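When we follow this note's numbering, the leftmost residue of the sequence shown carries the number 0, and every step to the right adds one.
Hints were generated in silico from the structure; no laboratory data involved.
Since the model is a prediction, treat every value here as computed from it, not as a measurement.
For glycine and all other residues, C-beta sits at the position ideal for the given N, C-alpha and C.
Hints may be right or wrong, so weigh each one.
[Said to hold, decoys possible] Simulated restraints on C-beta separations:
(1) R70 x P15: 13 to 21 Å
(2) E50 x L16: 30 to 38 Å
(3) K59 x L16: 20 to 28 Å
(4) P15 x D47: 37 to 45 Å
(5) A9 x Q33: 33 to 41 Å
(6) Y105 x E8: 12 to 20 Å
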Amino acid sequence: MRLQQASPEALARMFPLLRSIAKEVVERSYTIVQLEDETRAHATDSVDVLELVSRLANHKRELRHSIEELRDLGWERDPEQPLRFRSSGAGAGETFTWSPEDSFFYRSAQI
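Go ahead and model the full structure; you've got the sequences and the hints to work with.
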């Protein structure tokens with residue numbers, strides 16, 4: 000169900016799914032940063048680097064899939080705050096934002 004077609008009740012039902020996907024996005028984002036740091040630290044050990052690069056590629060691919068899931072639901076990462084998500088609402092000029100730790104949506108009018 001896309002947000003543009005959602006009633007307030009449908010949004011409330013969608014929240015657990017959004018929170019689950021967003022949690023995965025956050026966890027994978029942190030893991031990617033850690034793996035990139037480890038890869039740089041082990042740059043001289045080719046065996047370790049190959050394993051780290053493989054794990055890094057897997058996390059990046061799964062992160063893209065999670066972001067695509069959110070996009071399919073009508074959400075995107077906020078470019079100003081990557082751990083916040085936003086979507087256009089049902090009304091013209093209406094936007095919803097939220098973060099995984101929130102238990103509600105913020106509603107605002109676009110200027």
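Against the structure, the hints come out as follows:
1. Separated by about 18 Å at the C-beta atoms, R70 and P15 satisfy the suggested range of 13 to 21 Å.
2. Roughly 33 Å separates the CB atoms of E50 and L16, a value that falls within the hinted 30 to 38 Å.
3. The hinted range of 20 to 28 Å is satisfied by K59 and L16, whose Cβ atoms lie roughly 22 Å apart.
4. At about 38 Å, the CB distance of P15 to D47 agrees with the hint of 37 to 45 Å.
5. Checked against the given bound of 33 to 41 Å, the beta carbons of A9 and Q33, roughly 36 Å apart, stay inside it.
6. Checked against the hint of 12 to 20 Å, the C-beta distance between Y105 and E8 comes to roughly 18 Å, which is consistent with it.
The structure is consistent with each of the numbered hints, conforming to all of them.
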